[in-house]
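Asks: Got chain A sorted already, so can you dock chain B onto it with the hints?
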Amino acid sequence: MRFRRSGGIVAGMQCENTIGVELRGAAKTYRSSGAVVNAVRGIDVSIKRGETVALLGPNGAGKSTTIDMLLGLIAPDSGSVSLLGGPPKQAVARGMVAAMLQAGALMRDVKVRELIAMIAALHPHPLEVDEALDLAGLADIADRRTHKLSGGQAQRVRFAVTLVPDPALLVLDEPTVGMDVEGRRSFWRSVRDFAARGKTIIFATHYLEEADAYADRAILMSHGRVVADGPTSEIKARVGTRTIRATLPGADLTDLASLPGVTAADRRGDAIVLICTDSDAAIRALLNAHPNARDLEIASAGLEDAFIELTGNASDTTAAGERQEALV
Amino acid sequence: MRSLAYTRFELVRTFRNRRLLAFSLGFPLILFFLIAAPNRNQHNFNGSGISIPLYYMVGLVAFGAMSALISSGARIATERTDGWTRQLRITPLTTSAYFRAKVVTGYAMAAATIAVLYASGIALGVSLGAYRWLEMTGLILVALVPFAALGILLGHLLTADSIGPAVGGLVSLLALVSGTWFPLGSHGFLHDIAQFLPSYWLVRASHVSIGGHAWTAGGWIVVAAWTVVLVIVARFAYQRDTARV
Numbered sequence: 124m125r126f127r128r129s130g131g132i133v134a135g136m137q138c139e140n141t142i143g144v145e146l147r148g149a150a151k152t153y154r155s156s157g158a159v160v161n162a163v164r165g166i167d168v169s170i171k172r173g174e175t176v177a178l179l180g181p182n183g184a185g186k187s188t189t190i191d192m193l194l195g196l197i198a199p200d201s202g203s204v205s206l207l208g209g210p211p212k213q214a215v216a217r218g219m220v221a222a223m224l225q226a227g228a229l230m231r232d233v234k235v236r237e238l239i240a241m242i243a244a245l246h247p248h249p250l251e252v253d254e255a256l257d258l259a260g261l262a263d264i265a266d267r268r269t270h271k272l273s274g275g276q277a278q279r280v281r282f283a284v285t286l287v288p289d290p291a292l293l294v295l296d297e298p299t300v301g302m303d304v305e306g307r308r309s310f311w312r313s314v315r316d317f318a319a320r321g322k323t324i325i326f327a328t329h330y331l332e333e334a335d336a337y338a339d340r341a342i343l344m345s346h347g348r349v350v351a352d353g354p355t356s357e358i359k360a361r362v363g364t365r366t367i368r369a370t371l372p373g374a375d376l377t378d379l380a381s382l383p384g385v386t387a388a389d390r391r392g393d394a395i396v397l398i399c400t401d402s403d404a405a406i407r408a409l410l411n412a413h414p415n416a417r418d419l420e421i422a423s424a425g426l427e428d429a430f431i432e433l434t435g436n437a438s439d440t441t442a443a444g445e446r447q448e449a450l451v
Numbered sequence: 002m003r004s005l006a007y008t009r010f011e012l013v014r015t016f017r018n019r020r021l022l023a024f025s026l027g028f029p030l031i032l033f034f035l036i037a038a039p040n041r042n043q044h045n046f047n048g049s050g051i052s053i054p055l056y057y058m059v060g061l062v063a064f065g066a067m068s069a070l071i072s073s074g075a076r077i078a079t080e081r082t083d084g085w086t087r088q089l090r091i092t093p094l095t096t097s098a099y100f101r102a103k104v105v106t107g108y109a110m111a112a113a114t115i116a117v118l119y120a121s122g123i124a125l126g127v128s129l130g131a132y133r134w135l136e137m138t139g140l141i142l143v144a145l146v147p148f149a150a151l152g153i154l155l156g157h158l159l160t161a162d163s164i165g166p167a168v169g170g171l172v173s174l175l176a177l178v179s180g181t182w183f184p185l186g187s188h189g190f191l192h193d194i195a196q197f198l199p200s201y202w203l204v205r206a207s208h209v210s211i212g213g214h215a216w217t218a219g220g221w222i223v224v225a226a227w228t229v230v231l232v233i234v235a236r237f238a239y240q241r242d243t244a245r246v
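Residue numbers (our numbering), protein chains in the order written: chain A, 124 to 451; chain B, 2 to 246.
Okay, chain A solo, but in the shape it has when bound (with noise of 0.2 Å):
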C-alpha cells in the first residue's frame, strides 16, 4: 500500500505540523589544525511545510553545514534544529526525509533500477520504482550499471535515489553543479512537479536565476550567518543588482549612499563603488550631483559580486577572517 502525503493536512494536526523546519540559534564551530572556523554563527530559520526554499550565498557561507545540521548529520554546538515536528534523526528513521547531498558517490556493480529498489526497500512508503526513475527521466536508462553512467546520468540517478522515499522534505545541496542547461532545465522542471504534490523543498545554490526561478523565498547566508530572508523578488532586489564604479576622489560616502536608485556606497581608494536596485536613475543623479566623476562602468552585479561590494569580503578571504577573529 501506498500512502501519499499531499497538500491537504488532518485538521487538528495543523499545528505542530504546518512547521517544516525550525533552526534556532543554531551555530557549528570547527577545529581543525589550530584554527577555527565558525561555520554557521547561530541563525533562526523557520520554513513552512509546502515551501520551496533557495539557501543562497557564495561558498563558505555556510549552507552546506547549515543543511548538515538540518539533516542531523551533524550536531549544532548550540542552539536546536526541528524537522516536520522532532529531531531530526526521527523524521530521518521516519523515512521523511530525502537529500541530494554534494558529490554523494553512486555503489558500483548494480543496476540503476535495483538501486532505486534498495532505496525503496529501506522506506516505509516509497513511491513506485518505475515512477522514480520516470520522474528523474531515468526509464531509458534503468538497465544500466552505475558506474557506467555519464557525469549528468548519475546526477539523475541521485535525484531519484532522494525522490523514490516520497518524502515529505527533499534537500537539495547544489544539485545541478555539472549539468549542462539542458540537464539543468528538465531536472528543475522535475523539482517543480515534485513540490507540486505539497512537498517541502530546501536547495542551496549560488545561482541567483536558479533562487529566482524556482523558490518561493531565498534565505540568503553570508560568514555563518543569515543576512536577508523573504521572497526572492525582494532578495533579487536587493542583490541581483548593478554596481556602479567610478572615479571620484574624496567624495562622501554617505550623501552617494542616498543618491536615488543607490542602497550602498563604498569606497575603494580614488574610486567609489555605488550598488543600485535601479542604475538608470542613479547614474543620472551622480553625474548631476558630481559632473566631475570619470571612468565610469555599470555592471549587473552576481550574487557573488553582490556579496563582495556588500560586505566588502570576498568568499575566499572567508577562512583567513576568521582566523584573525578567532586570535582576538
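Any given hint might turn out to be false.
As the list claims (entries may be wrong) - Reference excerpt, derived from the structure (chain A facing chain B, CB under 10 Å, subset only):
1. I142
2. A221
3. M223
4. T285
Rather than coming from a laboratory, the hints here were simulated on the basis of the structure.
Because the structure is a prediction, the values reported are computed rather than measured.
Using N, Cα and C, we set each Cβ at its ideal position, and we do this for glycine too.
Replies: Just chain B now, with coordinates in the frame of chain A:
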C-alpha cells in the same frame, strides 16, 4: 525485512564483481595447488601428524577467509570517502543493519573460499570423517568473528587509498606469524606470540584430524578476548567518526 534489503543488495553487488571474485577465490586456490600438489603424498608434515594437503587447505582457507572478512568491513572506508555512508545516514537504515550487511557479505565470501578449497583439498586426497569436517568448519567460522570486527574498525580508521596496502600487509603478516605457510613448531619466539593471535587458532583448526580437541581452552579465550576488544574499539572508532564527519 528492510535490513535484509540492504544485505541482499551488498551480496548481489559483491558477487557480481568478477575481478573481486577472481582474486579473492583464485589467489588462495593457485597457492594451494602450487604448494600442496607436489607434496600430496606427505602425510606427516614436519612430524605434526597432519598431511600437507590438509595443512595447506586450512592454512589457505585461513588466509582467504580472513582476507574476505577484513576487506568487507574495510570497504566502509571507501564508502565513507565516496559519501555513500552519508547518503545512507539519511535513510531509515540503521547502523547495525549496515554493519550486518558487511559481516554477512564477508562471511559469504569466506564460505565461497572454504567451499572452493575444501573441494580442492578433497581432490588432492584430504579425507576426514563427516564429524571432523563439521568440527573444523565450525572452528574456522568462530575464529573469523574477531576479523569481522577488525574489518569494521579498519573501515573507520583508514582512508580509501590506504585500505589496499593496509589490509594486504596485515593479512600477510598475520598469515605468516600464524603458521599459514609453515608449521610454527611447539616452542620458540614465533610460537609464543602466535598463541595470542586469533589467526593462529584459525590455522590450528586443521588439528581436528589428529584426534582430541584442536583448540585448547586458551584458544577459545584468545578468540573471545579479541572479539570483545575489537568490537569495543570498532564501536568507539565508529562513534568518533560519525561525530566528526
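Asks: Run every hint past the structure and note whether it holds.
Replies: Evaluated hints:
no., hint, in the structure
1, I142, "violated, 20 Å"
2, A221, "holds, 7 Å"
3, M223, "holds, 9 Å"
4, T285, "holds, 9 Å"
The structure shown violates just one earlier hint, number 1.
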